[in-house]
Amino acid sequence: MLDFIIGKFNFWFYVILMAVGLFAMLAKRNLVKKLIGMNIFQTAIILFYVSIGVKKGNVHVPIIVGGHGHEGELIQAADYLNPLPHVLMLTAIVVSIATTGVALAIIIMIYRRYNTLNEDEIIEIRQKQLEAEV
Amino acid sequence: MKVIILIFVILSGGLLIYGTMDMPAWGDPQSPANSYVSPRYIEEAYAKTETPNIVSAVLADYRGYDTMGETTVIFTAALVCAFLLRKNSDEDEDKS
Amino acid sequence: MNNMSHQFPALIIAVPLLASLLTVPLGALNRRFCHPWLVFVTGFILCLSLGVAAHTITSGPMAYNMGGWEPPWGIAYRIDQLNALMLVLISGTALLGALYSGPSFAKELPGRQTYASALYLLMITSLLGIVITGDLFNIFVFLEISSLSAYGLIASGSPEAPFATFRYIIMGTIGASCYLLGVGYLYISTGSLNLADLSGLLPQLYHSRVVLTAGALMLVGLSLKMALFPLHAWLPEAYYTAPSTVSAVVASLYTKVAGYLMIRIIYNLFDSHFFVNIFPITTILSWAAVVALLIGSIYAIAQKDLKKMLCYSVIAQVGYIVLGIALVNKAGYSSAILTIVSEVCTKSCIFLATGAIIYRLGNSRIDNLQHLFRRMPYTMLAFTIGAFSMVGIPPTSGFFSKIYLLFACLEAGNWVFIFALLGSTILNVIYFFRVIKVACFEEPQPDYQRREAYPAVAVEEVPAAMLIPILLAATSIIAAGLGSHWIVNNFVQPLLKVVF
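Chains as they are written, first to last, in this note's numbering: chain E, 5 to 138; chain X, 7 to 102; chain V, 26 to 525.
For the record, the hints were derived by calculation from the structure and aren't laboratory data.
Hints should not be assumed to be uniformly reliable.
What the hints assert, rightly or not - Ranges between beta-carbon positions, derived for each pair:
no.: 1; chain 1: X; residue 1: Y24; chain 2: E; residue 2: R117; range: 15 to 23 angstroms
no.: 2; chain 1: V; residue 1: A258; chain 2: E; residue 2: I129; range: 47 to 55 angstroms
no.: 3; chain 1: V; residue 1: L507; chain 2: X; residue 2: E49; range: 35 to 43 angstroms
no.: 4; chain 1: E; residue 1: N34; chain 2: V; residue 2: R57; range: 52 to 60 angstroms
no.: 5; chain 1: E; residue 1: I9; chain 2: V; residue 2: T308; range: 28 to 36 angstroms
no.: 6; chain 1: V; residue 1: F65; chain 2: E; residue 2: R116; range: 33 to 41 angstroms
no.: 7; chain 1: E; residue 1: E137; chain 2: X; residue 2: M7; range: 25 to 33 angstroms
no.: 8; chain 1: E; residue 1: I101; chain 2: V; residue 2: E95; range: 29 to 37 angstroms
no.: 9; chain 1: X; residue 1: E49; chain 2: V; residue 2: G508; range: 45 to 53 angstroms
Even glycine gets a Cβ: it sits at the ideal position worked out from N, Cα and C.
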């Protein structure tokens with residue numbers, strides 16, 4: 005059991021972070037807080053992916069030691085971290101930033117219309133408008 | 007309401023933890039993720055792409071198509087922001 | 026020439042992507058160029074897709090390695106009949122939407138056509154990108170482009186749209202993130218991201234808890250994206266408030282593309298035995314689908330607005346697709362694919378016709394539709410064909426997909442499903458014929474004292490650019506119905522051999 009907790013502590017951290025984000029997204033009533041929850045949620049996934057790529061021991065970051073001019077030397081896969089999760093997460097980070105940007109633009113539109121960012125108040129205003137129409 | 011959401015969040019967290027039970031331990035060099043596809047990137051990337059930074063080599067060459075998608079994401083987000091926030095863009099265009 | 030046709034798969038993505046970049050300077054030059062440009066580009070993609078489809082019918086699946094890197098290392102396309110069918114459906118709907126967008130954008134988004142057109146092309150690019158690629162992470166990237174462009178286009182609709190869109194963003198992001206996590210779980214247990222490669226690696230790992238969780242996460246994520254019953258709440262409001270062209274294209278394509286991904290995951294990534302014997306999540310899915318098709322129809326009956334009613338019927342139709350997928354038998358698989366084909370034609374027809382009604386009347390309240398058969402005869406003719414297809418009256422495509430679904434339920438031997446299917450058909454009849462009744466038969470009480478004639482109701486059809494796509498969509502419903510045997514023979518049969 006202890007082995008399970010310590011050996012995989014990276015997963016525990018990501019699950020906790022993810023739960024925090026999910027809770028904020030679903031339970032908070034302020035739209036900006038929901039958005040922050042969304043960011044935490046996505047960060048948790050990024051953390052999860054990056055932690056896949058780790059190798060224990062004396063390992064380098066995925067940049068060839070010495071750089072150019074070492075063409076002849078044999079490169080051992082065991083000496084470098086797994087580069088693929090890093091590549092995937094660069095893309096995922098960009099996606100998360102883009103989503104945040106679009107969501108913020110939409111929040112600005114919502115604020116212009118209702119003058120509030122509290123979800124309950126917005127629903128109330130919309131209810132009143134519907135009644136006025138009928 | 008908040009209590010229901012809290013229970014739901016804890017349950018889904020539990021599901022994720024359940025899924026991790028069979029995962030290889032953190033930092034295991036022999037795990038499938040570290041031993042199936044990625045070694046070839048590390049061993050070949052420099053010879054094939056002349057780039058010492060393996061992440062760049064994979065990002066811009068092996069999986070360059072993903073990166074094209076990534077830049078498209080940014081372009082889309084920029085277009086959406088311009089589309090939604092510019093007030094009547096044609097009016098100022100017509101004046102000028 | 027032969028050499029060129031091998032590049033078609035890459036061109037299908039590259040052409041609309043570059044075209045969407047060019048739309049911005051072109052629209053800045055003169056906004057009127059946008060409409061012909063959209064029609065030209067989407068028409069060109071339709072030709073390419075048809076070329077690819079013809080190639081897969083005659084000589085089997087096509088493979089294309091992006092940048093020349095072989096599959097598990099680089100990103101590869103593997104285009105089989107299902108991909109080809111989806112490509113044709115998406116590019117066909119894109120062409121209809123592009124034709125329609127000219128007058129529709131000019132009325133609903135005056136002065137903002139340039140950005141709207143560019144986003145429209147990006148949306149089409151990303152949908153094509155999702156269905157053509159064979160790499161799980163690449164699907165995520167294109168899924169996000171499609172979501173972002175949809176958020177932008179939907180939020181530009183009515184004043185209520187931004188708030189509905191925000192809910193869509195929250196739910197859509199949770200869905201996409203669940204999918205991404207599922208991909209991560211698969212990656213950690215296999216080390217690969219390529220769909221074909223993974224389907225070879227996974228059978229040895231079917232009892233690993235990581236793989237079980239991965240499957241569950243991916244299916245939950247897609248259920249959110251396609252608004253399957255308990256996760257559907259965001260959809261009606263978002264689709265209702267969007268501009269007409271956008272809601273037509275989004276409603277006919279988004280849920281179906283997610284349905285396509287679900288087929289891929291259940292039948293190609295995992296195999297059908299996994300879900301039948303080891304991990305019966307398909308049972309849960311099929312019950313959710315049955316509830317969806319009843320609840321969606323019941324909500325649709327309760328609506329007083331035509332467009333909102335259709336938005337709820339989208340939820341019901343998702344139920345049909347998922348039920349076909351989740352029954353995991355041959356008839357169910359065929360019915361899922363036929364329902365996707367039929368739904369794309371039907372939903373685009375019916376939403377485009379509703380857009381035309383809104384274009385003329387300003388709103389789509391059902392009470393306001395009197396005399397519509399005389400005022401807009403062609404639009405309403407198309408609408409009626411669409412309604413027949415939704416109900417399932419031969420020879421429309423809806424009939425054939427429902428027959429297959431009925432066979433699938435019989436094969437599964439579940440009488441509850443059969444009754445639910447028949448019940449939802451009756452509900453469909455009720456809500457569509459209510460609309461047709463108002464539009465066709467409802468007269469104000471005649472005034473017997475009146476001597477002079479009643480004023481004639483003038484025919485006021487929408488512009489030809491809007492009418493043509495509506496009629497084309499209606500024709501495609503009939504064509505898909507009459508050609509359903511051909512579709513099954515050429516597209517579904519080869520797939521059945523692979524997955525069962």
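Checklist entry - Which of the numbered hints above does this structure break? => result Per hint list: 1, 2, 3, 4 violated.
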